[in-house]
Amino acid sequence: MTEQPQDEAPLAVEMRQIVKAWPGVVANDHVDFEVRQGEIHALVGENGAGKSTLMNVLYGLLQPDSGEIRVRGRPVRLHGPRDAIAQGIGMVHQHFMLIPVFTTGENIMLGREPVRPGGFYDHARAGQEIAALARRYGLALDPNARMGDLPVGLQQRAEIVKVLYRGAEILILDEPTGVLTPQESAELFGVLRDLVKSGKTIIFISHKLKEVLEVSDRITVMRRGRVVGHLLTRKTSEAEIARQMVGRDVLLRVDLKPARPGPVALAVEGLGANSDRGVPALRGVSLEVRRGEILGIAGVEGNGQSELMEVLAGTRRPTAGRIRLGDRDITALDAAAIRTAGIAHIPEDRRGAGLILNYSVAGNLILGHQRDGSFAWRQFVLRLRAILEWARRLIGEFDIRTPTPQTPARSLSGGNQQKIIVARELGARPTVLLAAQPTRGVDIGAIEFIHRRIVAERDGGAAVLLVSAELDEIRSLSDRIAVIYEGRIVSIESGDAPEDRLGLLMTGGSAR
Amino acid sequence: MTVLSDIGHLLLTADLWHAALAAAVLLLLPALGGVISERSGVVNIAMEGMMLTGAFFAVAADLILHDPWLSALVAMVAGGLMALIHAVVSIRFRADQIVSGIAINIFATGITVFLINRFYGLQDVGHLPPSELLPNLQIPLLDQIPFLGRVLFQQNVIVYVALILLLLVHVLLFRTRLGLRIRAVGEHPEAADTAGINVYRLRYGAVISSGLLSGLSGAFLAIGISNTFVPNMTDGRGYIALAAMIFGKWTPFGAFIACLIFGLGQAIYDNNSIIHVSQYLLSMLPYILTLVVLAGVVGRSQPPAADGIPYAPGTE
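Chains as they are written, first to last, in our numbering: chain C, 1 to 512; chain Y, 1 to 316.
Only chain C is shown next, with the shape it has when bound in the complex (with noise of 0.2 Å):
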């Protein structure tokens, strides 16, 4: 951690009553925000506290109602990203704002371009003003190099140096590590240290509390739209920030009785499959998961284990091997008789493989159930009575806040979508149940539900596969761990393995 700023160093941004309305909803009620020069502030809160809305306003990019913004003491009006870009403020978005088919330099200069006489863009200097940077900064990037074949980390890298050439003092990142690895994290922490000690000011934007913990000084904290409390980094813990964002105790660690392994309910053997880029992602899988354990998958993204998940779910054709789930060969099946035969999968892409936004809660309900007897007549007839009574049943059962079962999809907070698809999946009682990221972007209250109905399935004798980016999400509710790495499993570990340990294992180091 840096030294603590001093207490009377001087405010860098300061932001007073701020309030942004939407037709409904108060995104920022009167909102009082400060950070201080050369500090790493941390803003949490839970999705839809109005953290993005009190940056975006900070960035220019949204007007606020009323409320007055002072900059190094002086007021200043924002009305657009130039205003703030002008001040000093400087934004690393949460999806990055980089153009694949440009080049990195041509990223970075982008909006600020050294040209040559006649408006022709001058290649030469922009690597020199990159090269500059890098030196100045120690963030080294190719200039020449094409965006979209940088790894995330990099990309990052190159939205930072973007926002330090434009001369911002002040940075705002925006949920900085929701892509990256736990290395790449590291990484990140580091230049983020040494960017306040060269004099910046930095807003960190997160609702990952042990990061909060571990890179910034001071802490606020939003709820609803409103600021619920300061924290000084030093003088708090996770549960205490928790408890604030919320609103009231949250369970952090699930409650895990020893779990009571019965018969093998997935095998698999020697599993292959390609990318979607047709390489190799899976090279000989094998595993085996028991009813009434957890088996979690930890690896670093894009070691394969999407892709198994998919083969699985029957989404993705295997190259090699088989599947057996009890006694029966389910290698050949497509996804619609796997389903049958008693698999359930939540996948990954929440919004585009789990969930048609466009469609009401209820029929996302019973996607993939709506040829059942229960549901249509003759496979052909829906029966809207039935699906709304199963839609309200599930509704009830699994808390999905929506207006009503026949709002679209589309118009609900990122959790209560991901209950949706837990809802569906688990309401069908499956004996095998595939989780892919089941919390990803969700908030800590409906993390906690959700953990607890996944353990609830293991207890109620269902085999569980857990791939999940959260190594902690993986070590809390993992009965045993498989490290994936480069497409083969290279270790089967106990439940409460070491993270170092397992960090290891998924880097491809040896953990002899």
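Note that these hints are calculated values from the structure, not bench results. Check each hint, because a few of them may be wrong.
[As the list claims (entries may be wrong)] With beta-carbon atoms standing in for the labels, derived distance ranges:
1) C:Ala21 x Y:Arg175: 40 to 48 Å
2) Y:Pro313 x C:Ile356: 20 to 28 Å
3) C:Arg193 x Y:Leu81: 51 to 59 Å
4) C:Ala456 x Y:Ile102: 51 to 59 Å
5) C:Arg351 x Y:Ala312: 13 to 21 Å
6) Y:Val77 x C:Asn47: 50 to 58 Å
7) Y:Ala95 x C:Arg351: 20 to 28 Å
8) Y:Ile102 x C:Trp22: 34 to 42 Å
9) Y:Gln279 x C:Arg378: 51 to 59 Å
10) Y:Leu81 x C:Val25: 54 to 62 Å
[To be verified] Covered, in the sense of this in silico footprint (three residues per stretch, anywhere, with C-beta under 8 Å from a C-beta of chain Y), are these stretches of chain C:
11) 73-85
12) 104-114
13) 117-128
Built from N, CA and C at the ideal position, the CB exists for glycine as well.
With chain C's structure known, arrange chain Y on it following the hints.
Chain Y in isolation, oriented as in the chain C frame:
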């Protein structure tokens, strides 16, 4: 087999290649317009309509002004105004760009026929004397080169203009700051916006440029190659230009190569009297080439990432 040997003989004549280049340029201008428009992220299938409008106004203006140059300018403005409609509908009002494009094409057919009836009655529009057409330009000395001289240096003035524009558009898109920004807006408008670039202004400019270029092509057709206007005289060339743009993977030179192939098809058809096959079969040649190309002979080409997606800031 006589058909093939007929075509073979034809391919050895300079006149055929001369005609092929002229026909290619007719397609190249709207294709360049399409490249600019779609690189900025606005799908443009309205080149046909903008070209037709340009052709009509070129003739109408020339009949009054007796000046082909001013008339070509009028044609460009007419094309540009049609493009402005497309721009407002698809950028400002974020309507479906395909639907807007189709509407403009139908509108262009209707408005030109309406104007003919309104101003020229049931007679034809009237023919222009050669002195009031866009002139052919013989480049001294160079036009004496055997074969190549006839093909390249005895062309209509618009052919030279178009070839210069080809080079300019290429340089603009891939060497200048403006081009970088146009492409940025077409790939990822949010990224451009947050970098302080005015997405709307660039898209308006790009779409209107496509109208200017298509209008010029219409003028070339009506008061360069022909000397009058007849209803629907563009005859699908705007669509073929669209195919050429896709064939050329949204690059100026790629589109030019495609235009040459289509132009060659057109030129072979125009010389059908010396080929012993039904002229109706031959007339299909450019269109069959278009279909074959669109069906993917060139492989799937990748349009700009934000092509056809209206930009609404802050919708994340």
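Item to check | Violated constraints from the hint list, given by number and in increasing order | outcome: Hint 10 alone not satisfied by this model.
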